[in-house]
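Asker: Read off the chains here:
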Amino acid sequence: MIKRTNRWFDERLGVSGFVRTALNKVFPDHWSFMLGEIALYSFLLLLLTGIYLTFFFQPSLKEVVYDGAYAPLRGVEMSQAYESTLRLSYEVRAGMVMRQMHHWAAIIFLAAIVVHVGRVFFTGAFRRPRELNWVVGCGLLVLAMANGFAGYSLPDDQLSGTGLRIAYSIALSIPLAGTWVAFLLFGGEFPAESIISRLFVIHVLLLPLVILGLLGAHMAILWRQKHTQFRGHGKTEDNVVGSRLWPSYALKSVGFFFLVSAVVALLGGLAQVNPIWLYGPFRAADVSAASQPDWYVGWLDGALRLFPGWEIRAFGHTIPAVFFPGVLLPTVSFGLLFGWPFVEARFTKENDRDHHLLDRPRERPVRTGIGTGVITFYVVLFFAAATDVLATVFDVSVTGLLVAFRAVLLGLPPLVAYVTYRLCKEANALPDEEVEAPVVVRTPTGAYVTGDGHHTGHGGNGGNGGARADGVDEGDGVAPPPRPDVH
Amino acid sequence: MSRTSRDERRTERAIAVALVLSAATALGLAVVYATGGQVQLEGLLLGGSLASMGWALCAWGKHLLPAGPFVQQRHHPAEADPEQEPVSRLVDEATGEVSTLPGGGADTDGLDAVGRRPFLVKLLMGAAGALGLAALFPIRSLGPEPGRTLFRTSWRAGSRLVTEEGRLVRAGELEVGSVLTVFPEGHIGEADAQTLLIRATEDDLRTRPGRENWAPGGQVAYSKVCTHAGCPVGLYQVATRELLCPCHQSLFDVIDGARPVFGPATRSLPQLALDVDDEGYLIARGDYDEAIGPGFWERP
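Chains as they are written, first to last, in numbering that gives the first Met the number 0: chain Z, 0 to 486; chain U, 0 to 299.
Note that these hints are calculated values from the structure, not bench results. All values reported here derive from a predicted model rather than from experimental measurement. Cβ atoms here follow ideal geometry from the backbone N, Cα and C, with glycine treated the same way. Some clues are possibly wrong.
Said to hold, decoys possible - Here are some chain Z residues pointing at chain U (derived, C-beta under 8 Å):
no.	residue
1	R164
2	P174
3	P307
Unchecked claim - To list a few chain U residues with every Cβ distance to chain Z over 10 Å, as calculated:
no.	residue
4	R9
5	V19
6	A112
7	L141
8	R205
9	G209
10	R284
Excised from the complex, chain U in its bound form:
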């Protein structure tokens, strides 16, 4: 009696150590991932965590739980009633005598036997939780850190405006009332850099304070990305001088700083400050001074 219980306690301690080890190596794995990852260490720690967990469960099952042997009758396929699963019984190894399990069945009995060691159960949950947590870390690999990405586009001070076909845009070439999609030179087709160049007459434009030099000769440029859900604000209605987003019908007043006048959008389209370089080409004075496109949490 005392001998078995001493053995049992030793096994329990070993299992506890293994579970703690499993949890610790799992957390170590998470740390290795978070600090940049290292393949050999990742293998070692993951292997260590899984092996300790595996050993703990096997030892628990082999040494601490009723192991039988139990005997179960085979049913002969042709005549057996499928509803009647044969009950397992306990065999006495010495005498070969077969007895029904106390308490009627093995199922509830087995659960109780596991639950009899609440400390180990807690450790097991902890180790499984640590492994699960470590397994979540690689999700981080799915994408780069957002950082300031959403606040920047490829527009720089001096970026020359080019059309979708790559043609440079001369100041004054656009007639009053027409519109052109432009990109910074070298970045044609970039989703966040797409910009609408519109020619209005200088007198019409209601210039906002601080933007006095942004629209040379009535050539005004706005981000083409709708501030609502990000569709290109593709339709220019010449008569009303309004930009319409075809996705959700937000309407922006070109004359008044692309202010939203109708629909679900709430923010004006950001304006790109323009200038004319020495050769007479339109250039940007710099990147947009705010994040373009739809809102997001980090946007002030």
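Same shape as in the complex, but just chain Z:
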């Protein structure tokens, strides 16, 4: 039956050859290669849960008086956006779990992308010929951040309204064009009437479409160029060693989708996220202490707090203080991120050939040092977004904390970078014997001999967790001969 169906389709489409090569495509196994999959799967979950939410959410700032199930807010005037978010949370069956899954999936989506970028960076997977996919991936990161921000601004609650107010001020701060940018983006002076409906279209249509397109390109390029792999027995610049798409990789991958979904479902059901009913509807004149954005915007908020108040006023014009941390810092940050493969290639001069074998981070002390230093910089900024909370919890003055944070922001990244650099150097200087443990092999006659590593797959320089982590020698510990990728 299946055979006949297959034949029917094949006689009409003639794709069996392509499908056969596709199913035989080899993917290298390593736990760190699943980080991108987490991002992909959380995006799928965002689409699924998001579509459900659009059936109930009303992107309107029309004022209504609440008369719903959540007693503490009854009789309060609020926008339809806020009211419909309350309703879909409390009165739509399964609405709350969908909404919280959506928010958790967004949090995980961004986290997975960031860690995935880190993996690609520290292993040098962005090198020629993959610069293009690095750029596409960075584009996805920016779009994901933008869409996350647009999404949590939709319910028109006090917290997100404050975030929008700050975003408006940042747009306003752009030299020359800022006022126009802010007015065209929001449709007038803050809080403009149309902002929620605009953000809605941007959030559910415009950005998801672009993200889908880039995601397709990201995967197509990956497919075309084939995945990188760590060094190890039988792995060269000319082959791919791992499991085939069908059946092993596909099953594992689909299974992994269910696992990611399970985590999101558990969080969505058990862990409260963005309880907008506690923040209240947005009022321009209200604000609450401890206003923090979602985690991936935290570094920007921290920068706004830490950056000194430099406002340039000259020739009848102003360059506002928020321009430097709010516009310049992100521009420079993403500029460097997008451009890294090209910057690095200028110094290493390694772009004369393709790189399909990954670096181990320690083999690249400079890159790894810069990477950890930069990460430290943004982590410090992230924590700086919580200065008020930290001051309350640890009972210290906000003033002192701010000064301390400024010192740490400037001092810690270079220190971390240098220490990382030294550690990498030291690790590289260690003799290799240490990791090449003797391997015991059982011969067909039942005797045990100390192998030379060649027969067991424990060859190479044995790093990255050994061949076992590569998945080459699942099962009995004896590696199958590496299969060349046939596509």
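Fit chain U to the supplied structure of chain Z, relying on the hints for placement.
Answerer: This is chain U only, laid out in the frame that chain Z set:
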């Protein structure tokens, strides 16, 4: 030979005219938009521009480029090798004879054939650019002209102060050390008009020159919009008489003209000049004398 080349030249000229027409109508569309827009004209000009562009491309493809016929073998799904796309070949219409294209393939050949008319290519780019430019104009519809909007609030001379609930504020009702969010009467909740009314003692206030009458009875009013990133400066610390912005922890000294004493803000909160009307209610003497809130390019 001479006949075809004359025909070709005539076609080229027609295409050039069409492309120029396309560019001109596109620019006309932009002008119509900029001068206020008119639906019939917009339709006509956009249609005209697209039609000329469309006709030019079709004519170019039909009359100036090698049109074949070419023949390509079908591959039979079941046995075909997907990697091996059948090559297209040229058919001689008279004899039905099939020959491979000169130069090996059609792909580079086709590009060359287009590039052989650099003048038309330039015109095409120009027309496409004009259309793209005209398509950008409607972005202007997304928002009103900023004008002086950011320099003004709803406060007017004689505006009575009301609370968020709409209650008028009497002079002296606020106790020393307390604070109240107020709006101009009839504009409750307006983001840029939100103002903090604070009662200090008159002796404490360090009044700036020119503001001597602005705080009757020690009742002083400042814009509630932070001059850093625009959050409401919501927390009043009575002991130190400082206003704290909860977003980025800018601190303003209420006694000293709401001067920023800590944090990222650089400008004092603008002060609203107050007065007391005949009925004993607090009123404004006028709008703020400077733009409230965060900075922007046009702000002096």
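Asker: Decide, hint by hint, whether the structure agrees.
Answerer: Hint check:
With 8 Å as the threshold, the beta carbon of R164/Z comes within range of chain U, its nearest partner Cβ sitting at about 5 Å, so the hint holds. Given hint, P174/Z at the interface with chain U, holds; its Cβ is 6 Å from that chain's nearest Cβ, closer than 8 Å. Because the smallest distance between the Cβ of P307/Z and any Cβ of chain U comes to about 7 Å, under 8 Å, the interface hint for this residue holds. A cut-off of 10 Å between C-beta atoms confirms that R9/U is not in contact with chain Z; the least separation is 43 Å.
Against the 10 Å criterion, V19/U stays outside the reach of chain Z, whose nearest CB is about 32 Å from its own CB. A112/U, annotated as away from the interface, keeps every beta carbon of chain Z farther than 10 Å; the closest lies near 29 Å. Some Cβ of chain Z comes within 10 Å of the Cβ of L141/U; the nearest lies about 4 Å off, and the non-interface call is violated. Every CB of chain Z lies more than 10 Å from the CB of R205/U, the least distance being 21 Å, so the non-interface label holds.
The beta carbon of G209/U is kept farther than 10 Å from every beta carbon of chain Z, the shortest such distance being approximately 20 Å. Distance check on R284/U: its Cβ is at least 22 Å (rounded) from any Cβ of chain Z, clearing the 10 Å threshold; non-interface status holds.
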